[in-house]
Amino acid sequence: MIAPDNKEMVNITLNGIEVEVPNGINAVEAAALHGKEVPHYCYHPKLSVAGNCRMCLVEMGTPMRDRTSGEPILDEDGIQKIGWVPKPVIGCATNITPGMHLRTESDLVNECREGIMEFLLVNHPLDCPICDQAGECRLQEFATDYGRGYSRYVERKNVKPKRTRLGPRVTLDDERCILCSRCIRFSQEVAKDDVLGFVDRGSFSTLTCFPGKELANNYSLNTVDICPVGALTSTDFRFKMRVWFLKESKSVCTESSAGCNTLVSSREGAIQRITPRRNDQVNDTWMTDSGRELYKLVKADSRIRRPSFRGSDLPLDDAISQAFQTLKNKKIGVVASCHSSLEEQFLIKRLVEETGAKVYIRGHFGEDDGILLSADRTPNLRGALVAGLTSHYPSDNLNDLNDSISDGHIEALLVIGEDLKESGVNEDNLKKVSLVFLGTHQNSTSDCAEVVLPGLTVFEKSGSLINRSFFLQSFEQSIPCPAGLMTDFKILARLINLFSEDSIAPSELDEIWEALSSCENSVLKGITFLKIKKGAIQLNGSKWEHLSFVEKEALHYLPTGVITS
Amino acid sequence: MSVSTPKERRIILKHADDPNYSNRIGCYLREGGYGNLKKAFSMQPEEVGEEVLKSGVRGRGGAGFPAGMKWKFLDRKSGKPIYLICNADESEPGTFKDRQIMYKDPHQLIEGMMITAFAIGAKQAFIYIRAEFHEGARILERAISEAKKAGFCGNKILDSEYSCDLVVHRGAGAYICGEETGLIESLEGKRPNPRIKPPYFPAVLGLYQCPTIVNNVETLCNVRHIIEMGGEEFSKIGKPNNTGTRIWCVSGQVMKPGYYEFECGSLTLGQLIFDICGGLRPGRSLKAVIPGGSSAKVLRADERFSGTLKDGTEFDWGLEDIPLDFDGPMAAGSMSGSGGIIVMDDTVDIVEAMANVNAFYAHESCGQCTPCREGSLWMRKISQRMCSGGAREEDADLLLSVAKQIEGRTICAFGEAAAWPTQSFVTKFKDDFIRKATDSPKERDPKSLQLI
Ligand SMILES: Cc1cc2nc3c(=O)[nH]c(=O)nc-3n(C[C@H](O)[C@H](O)[C@H](O)COP(=O)(O)O)c2cc1C
Ligand code: SF4
Ligand code: SF4
Ligand code: FES
Chain A
1 MIAPDNKEMV NITLNGIEVE VPNGINAVEA AALHGKEVPH YCYHPKLSVA GNCRMCLVEM
61 GTPMRDRTSG EPILDEDGIQ KIGWVPKPVI GCATNITPGM HLRTESDLVN ECREGIMEFL
121 LVNHPLDCPI CDQAGECRLQ EFATDYGRGY SRYVERKNVK PKRTRLGPRV TLDDERCILC
181 SRCIRFSQEV AKDDVLGFVD RGSFSTLTCF PGKELANNYS LNTVDICPVG ALTSTDFRFK
241 MRVWFLKESK SVCTESSAGC NTLVSSREGA IQRITPRRND QVNDTWMTDS GRELYKLVKA
301 DSRIRRPSFR GSDLPLDDAI SQAFQTLKNK KIGVVASCHS SLEEQFLIKR LVEETGAKVY
361 IRGHFGEDDG ILLSADRTPN LRGALVAGLT SHYPSDNLND LNDSISDGHI EALLVIGEDL
421 KESGVNEDNL KKVSLVFLGT HQNSTSDCAE VVLPGLTVFE KSGSLINRSF FLQSFEQSIP
481 CPAGLMTDFK ILARLINLFS EDSIAPSELD EIWEALSSCE NSVLKGITFL KIKKGAIQLN
541 GSKWEHLSFV EKEALHYLPT GVITS
Chain B
566 MSVSTPKERR IILKHADDPN YSNRIGCYLR EGGYGNLKKA FSMQPEEVGE EVLKSGVRGR
626 GGAGFPAGMK WKFLDRKSGK PIYLICNADE SEPGTFKDRQ IMYKDPHQLI EGMMITAFAI
686 GAKQAFIYIR AEFHEGARIL ERAISEAKKA GFCGNKILDS EYSCDLVVHR GAGAYICGEE
746 TGLIESLEGK RPNPRIKPPY FPAVLGLYQC PTIVNNVETL CNVRHIIEMG GEEFSKIGKP
806 NNTGTRIWCV SGQVMKPGYY EFECGSLTLG QLIFDICGGL RPGRSLKAVI PGGSSAKVLR
866 ADERFSGTLK DGTEFDWGLE DIPLDFDGPM AAGSMSGSGG IIVMDDTVDI VEAMANVNAF
926 YAHESCGQCT PCREGSLWMR KISQRMCSGG AREEDADLLL SVAKQIEGRT ICAFGEAAAW
986 PTQSFVTKFK DDFIRKATDS PKERDPKSLQ LI
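Chains as they are written, first to last, in the numbering used here: chain A, 1 to 565; chain B, 566 to 1017.
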């Protein structure tokens, strides 16, 4: 964070070759831009620079100038001489200046790296065979590159605590800790919960929580991610799985409108963990602890696994027909959801247009933590706006639906996931309407629905969501969907087709996007799903600027109307 | 005492051993104290700085950096407050001069500090005093309150518009608190982890990220005398580039260990040991000398040092010929550091001496950066094993290699402080190290030192 955000490009000489890099970034980043890895432990692009591991030592020189006149000093050939700093410098704290010379590949640099690697290993327990980090450990990786292969160390190793509970979700092995202080800086700078520190001196330094404190904040598991070694481990994931067996897929967290980018790791169809995926405009490299737990919903007891009609299971095709039967020729209401993907919301809009149904939608709100858990606890409220499901900002209930039923305007309801009772629809009114429920988990509404259509969790399907900053982001399917089920938008497309005689609703992502992006005046014009998969797309949200969004100022988010300092 | 042996010239320690002198303000005033503060206040702050620059006085904390130059680096454009810190953490083994000054003549330091604060424009000054100096802190606090009452310190000094508060801050009890950026962290209430430079140069981003000057006790006392004499006159004491006096703290196996203040370059190491300190015990011969605190490279008694000095003169010295100033020990490949001269005679087991130094550095490394943290403990473990009957012939080379992997690769100069002793001990006394492996009994010598 010492390096300024600078777009001005300057020339430097990297290992003898002239290259262009942004002025002011550090040497580690500059070298990386040109394919040269400078190994590092303590440096993290999203934290302050500590410069303590000394792994990133490189050689640096600057063009020489006369002290008094400021004139360049030239060699015999008329080329400006380079004043090489006699000692190696740390790349992470060396910011690029025009004309700088860097050597990231030299005998001295290699010698430095070998020295640091040896030092890091002398008191390391070398318990890789039982360490969770194995396979994604920087210590292992750089030991292969710069390790000696044998040990010159014949003394006793230091003994430190092996399994300290730092908090409800994080376990620490102090012997593996290389004292890089990433976790400490993260707690101070990002989580704003200063609970970690070192005690004792020298090689006996030990990471610990301050007396009476624990690492319990909702971001604690990020320390596990950024720990370059196996010192900090997730108590949940510990000893469960070898990381090289994991299949990773790109996803987006659905906990709130922050829309953290994630990697969902699974093995043989079972999700093992969720970790953040770097997106410098959305979540940097962080996510909440609570968001990582969401995969547990896939196998929750309350999961709706089979379609049913009046309480008895039936094949999905028949259930969809029953849904049609239940809804047709009635005054229909649709309870849409801010949890649905944009594609699903689009098809719901289609269904509404086809049937003349009335749309109801509610929001879900909670406390904003000013970081990555926003007050809007749905991932796609802005999707509902963009899809045209509503033009006003949803409130936290469905009282208007309750009134409509009381007034006899609604006879049948298609409910996407919501719990009507909990949303303010009274029981008498619930009894008055025929209910079709499409959702992933049981609730009081699914319990009394005539037809229940199982939905898929975000991990079992693909689609896109629009976050609080109007970034359109895609998520991809991580695990197969349960046998006999179908992705939500296909169910919706079938239902639409039953209602409409002449048109066929799109039922593949590409087809949906063809339709979505061809609407004139739409902020989605010209976008394809392939483009979203390549990276988040910033939509123009100015149309909705006047709405009173609930989110507070947070990491990479400024409420509209707030001026950035 | 040989004829040519120079006399002590006590400037800083003038009253240190005067039985009619106490550390109360009365004595100080009687001897003309605080007159120089008045003199400085009649000058412009920049003029005071100029005098110090002219004096050529070099820092007495260890690195020997010219004080006037350091003050010039202050970032005055930032508009942030400027702080002055007196480094009174004196913990380099073999050094005990600052303590004498503070215990015996605290007002001299206060006057020096107030002149300095005035010169650099500091409104707040600190004395960061070593944790173990309980008595010293008490003495300083009393002296400060005396000075405040008399208007030499604090609010509206000498009835001028200039105020500067002075606070005594007790150290955190570790050697690394003496490294200036570690000191600053400690003063801010944190662990004394030294900061990376760049970007955290104290003169730009020091205490609370404000421009800060850190100077040693002895350096700041000198400021008072520079104002008294004038920079020009002060620069005539000693030798060019080595101006003023220095307090040499002699410890080890000499007849009269103690502190001795001499004009820079006015005597040689041999004169100090054999004439001033009364030589060695009967029947002993000189084996080695550490000239500038335990982190300075050791010198071997029978070594010869030759080369060319900065001013172009050629030299060819034996150990006893090394002139005592800044540049002499430096020319001999070591340094005068903090002025702590440790003398070892032929009864010293060199490996144990080094083991003792290594134990200190392993104990005191802050543990932030990898090479120093792991290297210093590794060297300690090797040398301790060597002294406990487990020496191997390859240990000497291993020690050198470990030290080399530390030197020049750390956050602060502690890395060098830890590496240099090992490098010099092993290189210069390699035979002793090999002999440890080949001759020594395979168990610990009961007479050997207890290591920390
Ligand atoms: C490991 C280490 C320990 C130090 N300890 C002291 C100390 O105890 N007292 C001191 O004055 N300077 C000490 N220094 C030097 C200071 O960092 C700093 O250079 C000095 O206070 C500057 O003052 P001067 O310019 O007046 O010498 C130490 C340096 C290092 C690297
Ligand atoms: S626990 Fe991990 S992140 Fe924290 S200091 Fe140790 S190695 Fe670094
Ligand atoms: S060199 Fe040693 S004392 Fe200095 S910062 Fe590094 S670990 Fe700490
Ligand atoms: S990455 Fe630069 S010192 Fe650790």
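Take these hints with a grain of salt, some might be off.
[What the hints assert, rightly or not] Calculated lysine to aspartate or glutamate pairs in the DMTMM-like style (CA-CA distance at most 20 Å, straight line): (1) K349(A) with E520(A); (2) K755(B) with D194(A); (3) K330(A) with E367(A); (4) K490(A) with E508(A); (5) K969(B) with D107(A); (6) K296(A) with E508(A); (7) K579(B) with E615(B); (8) K87(A) with E972(B); (9) K755(B) with D193(A); (10) K755(B) with D200(A); (11) K87(A) with E615(B); (12) K969(B) with E111(A).
FYI, nobody ran anything at the bench for these hints, they're computed from the structure.
Query raised in the report: Which hint numbers doesn't this structure obey?
Result: Failing hints, ascending: 3, 6, 7, 11.
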